[in-house]
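A.B. asks: Chains as they are written, first to last, in numbering that gives the first Met the number 0: chain U, 0 to 193; chain A, 0 to 520; chain V, 0 to 254.
Treat the hints as calculated values from the structure; they're not laboratory data.
Please note that the accuracy of each hint is not assured.
[Unchecked claim] Across the chosen pairs, the derived CB separations fall in these ranges:
| no. | chain 1 | residue 1 | chain 2 | residue 2 | range |
| --- | --- | --- | --- | --- | --- |
| 1 | V | Q2 | A | Y295 | 45 to 55 Å |
| 2 | A | E381 | U | Y63 | 17 to 27 Å |
| 3 | A | K345 | V | P123 | 27 to 37 Å |
| 4 | A | P221 | U | A66 | 51 to 61 Å |
| 5 | V | P123 | A | S342 | 22 to 32 Å |
| 6 | A | Q217 | U | A84 | 47 to 57 Å |
| 7 | A | P473 | U | Q35 | 48 to 58 Å |
| 8 | U | K162 | V | V188 | 27 to 37 Å |
Backbone N, C-alpha and C fix where the C-beta goes; we use that ideal spot for every residue, glycine too.
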Amino acid sequence: MSSNSLILIIVGGALINNVVLNQFLGICSFLGVSKQMKASASLGAAVIFVITIASAVASLLYDYVLAPLGLDFMKTIIFILVIAALVQIVEMFLKKTSPAVYRSLGIYLPLITTNCAVLGVALTNVQNGYNFIECVLSGFGTAVGYTIAIVLLAGIRSRMNEKDIPAPLRGAPIVMISAALMSIAFMGFGGLSF
Amino acid sequence: MNTGYNLSSAPHDRTRLTTSHIMGLVLLSLLPATVVGVIVNGWYALAIILLSVGTAVLSEWVFNLICKKPATIGDGSAALTGLLLALSLSPSVPLYIPVLGAAFAIIVAKCCFGGLGKNFINPALAGRCFLLISFGKAMSTFAVDGVSSATPLAEMAAGRAVNVTSMFLGTSNAVIGSSVLALMVGGLFLWCMDVIHGQICFSVLGGFTVFMALFGGQGLDPKFLLAHLCGGGVVMGAFFMATDYVTSPVSKLGQLVYGLVIGVLGGLFRLKGSTADSFSYSIIVANLLTPFIDTYVVPKPFAYRKTANKQAVPKKSGLIPKPVIALTVITVVAGVALSGVFSMTKETIEQQELEAARASFRVVCPEAETFAESEEANRALEELGGGVYGSIYGRVKINEAYIGKDAAGSTVGYVVSVTSSDGFDGTITLALGLNAEGTVNGISFTELHETAGMGMRANEEGFKGQFRIRDVYPFKLTKAGEADDPDEIDAISGASVTSNAVINAVNAGLDFYQSVMKGGN
Amino acid sequence: MKQCLERLWNGLIKENPVLVLMLGMCPALAVSTQASNGIGMGLSTLAVLVLSNLVISLLRKVIPDQVRLPAYIVIVASLVTVTELLIKAYLPSLYEALGLYIPLIVVNCIILGRAEAYANKHTPLLSVMDGIGMGLGFTVALTIAGALRELLGNGTVFGAQVLPEGVEPMGIFIQPPGAFLVFALIIAVMNAIGIKTRQRELVEGNGCDGNCAVCASACESRPTPAEKLTEAPKTVEAKAAPAAEAETVKGGENR
Numbered sequence: 000m001s002s003n004s005l006i007l008i009i010v011g012g013a014l015i016n017n018v019v020l021n022q023f024l025g026i027c028s029f030l031g032v033s034k035q036m037k038a039s040a041s042l043g044a045a046v047i048f049v050i051t052i053a054s055a056v057a058s059l060l061y062d063y064v065l066a067p068l069g070l071d072f073m074k075t076i077i078f079i080l081v082i083a084a085l086v087q088i089v090e091m092f093l094k095k096t097s098p099a100v101y102r103s104l105g106i107y108l109p110l111i112t113t114n115c116a117v118l119g120v121a122l123t124n125v126q127n128g129y130n131f132i133e134c135v136l137s138g139f140g141t142a143v144g145y146t147i148a149i150v151l152l153a154g155i156r157s158r159m160n161e162k163d164i165p166a167p168l169r170g171a172p173i174v175m176i177s178a179a180l181m182s183i184a185f186m187g188f189g190g191l192s193f
Numbered sequence: 000m001n002t003g004y005n006l007s008s009a010p011h012d013r014t015r016l017t018t019s020h021i022m023g024l025v026l027l028s029l030l031p032a033t034v035v036g037v038i039v040n041g042w043y044a045l046a047i048i049l050l051s052v053g054t055a056v057l058s059e060w061v062f063n064l065i066c067k068k069p070a071t072i073g074d075g076s077a078a079l080t081g082l083l084l085a086l087s088l089s090p091s092v093p094l095y096i097p098v099l100g101a102a103f104a105i106i107v108a109k110c111c112f113g114g115l116g117k118n119f120i121n122p123a124l125a126g127r128c129f130l131l132i133s134f135g136k137a138m139s140t141f142a143v144d145g146v147s148s149a150t151p152l153a154e155m156a157a158g159r160a161v162n163v164t165s166m167f168l169g170t171s172n173a174v175i176g177s178s179v180l181a182l183m184v185g186g187l188f189l190w191c192m193d194v195i196h197g198q199i200c201f202s203v204l205g206g207f208t209v210f211m212a213l214f215g216g217q218g219l220d221p222k223f224l225l226a227h228l229c230g231g232g233v234v235m236g237a238f239f240m241a242t243d244y245v246t247s248p249v250s251k252l253g254q255l256v257y258g259l260v261i262g263v264l265g266g267l268f269r270l271k272g273s274t275a276d277s278f279s280y281s282i283i284v285a286n287l288l289t290p291f292i293d294t295y296v297v298p299k300p301f302a303y304r305k306t307a308n309k310q311a312v313p314k315k316s317g318l319i320p321k322p323v324i325a326l327t328v329i330t331v332v333a334g335v336a337l338s339g340v341f342s343m344t345k346e347t348i349e350q351q352e353l354e355a356a357r358a359s360f361r362v363v364c365p366e367a368e369t370f371a372e373s374e375e376a377n378r379a380l381e382e383l384g385g386g387v388y389g390s391i392y393g394r395v396k397i398n399e400a401y402i403g404k405d406a407a408g409s410t411v412g413y414v415v416s417v418t419s420s421d422g423f424d425g426t427i428t429l430a431l432g433l434n435a436e437g438t439v440n441g442i443s444f445t446e447l448h449e450t451a452g453m454g455m456r457a458n459e460e461g462f463k464g465q466f467r468i469r470d471v472y473p474f475k476l477t478k479a480g481e482a483d484d485p486d487e488i489d490a491i492s493g494a495s496v497t498s499n500a501v502i503n504a505v506n507a508g509l510d511f512y513q514s515v516m517k518g519g520n
Numbered sequence: 000m001k002q003c004l005e006r007l008w009n010g011l012i013k014e015n016p017v018l019v020l021m022l023g024m025c026p027a028l029a030v031s032t033q034a035s036n037g038i039g040m041g042l043s044t045l046a047v048l049v050l051s052n053l054v055i056s057l058l059r060k061v062i063p064d065q066v067r068l069p070a071y072i073v074i075v076a077s078l079v080t081v082t083e084l085l086i087k088a089y090l091p092s093l094y095e096a097l098g099l100y101i102p103l104i105v106v107n108c109i110i111l112g113r114a115e116a117y118a119n120k121h122t123p124l125l126s127v128m129d130g131i132g133m134g135l136g137f138t139v140a141l142t143i144a145g146a147l148r149e150l151l152g153n154g155t156v157f158g159a160q161v162l163p164e165g166v167e168p169m170g171i172f173i174q175p176p177g178a179f180l181v182f183a184l185i186i187a188v189m190n191a192i193g194i195k196t197r198q199r200e201l202v203e204g205n206g207c208d209g210n211c212a213v214c215a216s217a218c219e220s221r222p223t224p225a226e227k228l229t230e231a232p233k234t235v236e237a238k239a240a241p242a243a244e245a246e247t248v249k250g251g252e253n254r
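Full structure from sequences and hints, please.
C.D. replies: The structure is reproduced here in structure tokens:
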């Protein structure tokens, strides 16, 4: 396991194979992201925490419990429960230590449980046969990519004025067009190899 | 133009420079590059330019008409976008390319967001990247007298020398607006007229040069650096694309950062990316960062002070046991139900998978009646223990290997089943068949879930059939259409990851046969 | 009976899960590269959705509120895994065609979204009808998008060559940017020709910003302008709902 390939896992997850713009995971919350970059950054930080730890725990559970016992088919359920528990912990933690952030995140926090990206990363890690370190880095890279995507979109949306946009495009369509253009830009990272 | 009173707050700055004035100046400054491009490339290039400009202006006019907005084509920005796009195209592209590109640039990247000043991405570059992704082949064809030949950048990537002077003058085999001399004349003119900001264009050039000097592998070799500066739209990007007011940051420091990002990213894409279009992508990625830069790289207003926030910390939150019990019950029930279904279907599924594998074995080793186990193979597989095979094939695993025997029991061939996890969209599993002498019979895929129209084409005869009846070890992958020697395989154009994964899997299987099974039975 | 049909119409048009509620976009964008994928994914999702709505509706009085989200997820994940195993064993050719998409249904927000917004508040029969309606809406949306993307990006529809041989298809449409563009186009067209979706009604009358991805589950509770007139006192409660939601963020009560 060379350090080169480890870097590639992080950069690959974040930029080359961006979880939102390439793999289409986490779209629901991506499209509903707030127009403020700061709130998006807070959500992104929460997601990074949840995904990284969830990847680590899921990797351990799979390698030492599920696989040896032949319970591969239970992995989806177990992973989801781990994620739900983690989100709950993050919520309680934020409520105690930083109520302002907790309030600003509002409904997005529990929605992390149902964020396809979190479960998607855990399942992909299993599919790719990563070891523990690779799982953690892959989760981290993916979450960083997610955060980059939502912060950039928030920036774009913060500059948009509803009145300038033609009526049929207001709301979802213009956000999707912005996402399309972002996706085109990120394809520039597509062929990168180290 | 309204002639009533204009109410605005101080400070006021009178200037005669309107949007159309600025656009006019930029168009003027592009004239030298346009003229050189047409002279060098002929009337066809002029047709491309006119089509692009015309479509851009027409699209904006029609869009404004449909949306019942006042006509804005008079400000010249649509024409400018069309011209910039045309100058960045190869002089041999089919004529529908500038039309589609200009339409996309104006309609999607600009008008949908509300027109000039409301877009977040450089329209010309958005159009160019749209074309690059949609028509990859057409966009990378640079023909000289009808014969497709390489651009200077492609030559450099292949390690061959290039004529920097012809790149500088614009006579090399590159895009229409490639004359660095003409572009610099125009660019410096704009800079002196204070239409574009020096912070951007020079930091782009500087950042790129420094990055290439540090990481290009040639140190400060002036020929190398100059060649890279003169190719691939660096100068065009620095003076005319990155400096677009709408999509670049407002503050001076922000502009510096923005320019450096473009230069560095451009260098990174140039050195490590797979296409020559490094600057198109690096600029639009930087466009995405502009709102971020604007928000966080801003000089503080005078006498601004941060006020401290004091918040009451709420108390307590505890775990409620009862719902957890209910959840556990549900999980256990679900788990039991699942295990029930799993054990019920386990055997059938295993049967299916066995059948599928057998079927593909028969395809690649047609004379075999049965597939017998090989002691050497089984021993080797046990030693591997499901781990990665070899170190040069990426993430490949050998699944199983058999000896094909005919009805009389004599060996007619060998089959090796290999899985590569390096596919673009997941794992690729194939069966490699060899005849008794070790000639490759062919391959057959048991698992292939790549992108339709690209990676999936590995399953077509055009690619798969190349492995038929070849006494080769190992195979080498070449770019599509370039395979000459018998040990070379044409990659699938546009699906290099898939092609690499397949070749590695095949070579790993051959390696396994050579080292374990050959000379055994 | 009328209510059943209303559920179908609702799922197909008025509250189309993909185009209006913006649920299930992840698989919609990923899978709609061909029209046939759209049908396959749509129908498998429909099957799981109906079953899940049924089960959750039957259990709605039993599942405690605080753990309802994880409980739903466990139920849905089990249903999907069961479906996958059964198809893998008894319908192998179907599995070949759909194989990878079935596990993707687990992360399909539609199923969870409908469980949260509808199935846990209504009778099994209506929940089943809702499931069918939403599933059909999902299938239709995916098939149309898939057909468009396949046509523009590959020149074929359902595998049959439609564009003349000489015309070069635009490869971008089978890639990620194309997915976003096609869906933006479909929704924009729906808006332009004035299809009265619940979202449009709410945007015009109730000051909601039309961003259904955020409050899909609360959509049911917001009265449309027409409903507002007949239920005057509730408007105060409706306005209080968003503020209260920030407080009971743990996914507390439903309104």
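A.B. asks: Given the hint of 48 to 58 Å, is the C-beta distance from P473/A to Q35/U inside that range or not?
C.D. replies: holds, 55 Å
A.B. asks: Would you say the C-beta atoms of P123/V and S342/A sit inside 22 to 32 Å of each other?
C.D. replies: holds, 29 Å
A.B. asks: Taking the CB of Q2/V and the CB of Y295/A, does the distance hold inside 45 to 55 Å?
C.D. replies: This hint holds: roughly 53 Å between Cβ atoms.
A.B. asks: Hint says 17 to 27 Å; check whether the CB-CB distance for E381/A and Y63/U agrees.
C.D. replies: holds, 22 Å
A.B. asks: Within 47 to 57 Å: is that where the Cβ-Cβ distance between Q217/A and A84/U falls?
C.D. replies: holds, 54 Å
A.B. asks: Do the Cβ positions of K345/A and P123/V conform to the proposed distance bound of 27 to 37 Å?
C.D. replies: holds, 32 Å
A.B. asks: Confirm or reject the claim that P221/A and A66/U have a C-beta distance inside 51 to 61 Å.
C.D. replies: Given about 58 Å between the Cβ atoms, the range holds.
A.B. asks: At the C-beta level, are K162/U and V188/V separated by a distance inside 27 to 37 Å?
C.D. replies: violated, 21 Å
The structure does not agree with numbered hint 8 stated previously, though it agrees with all others.
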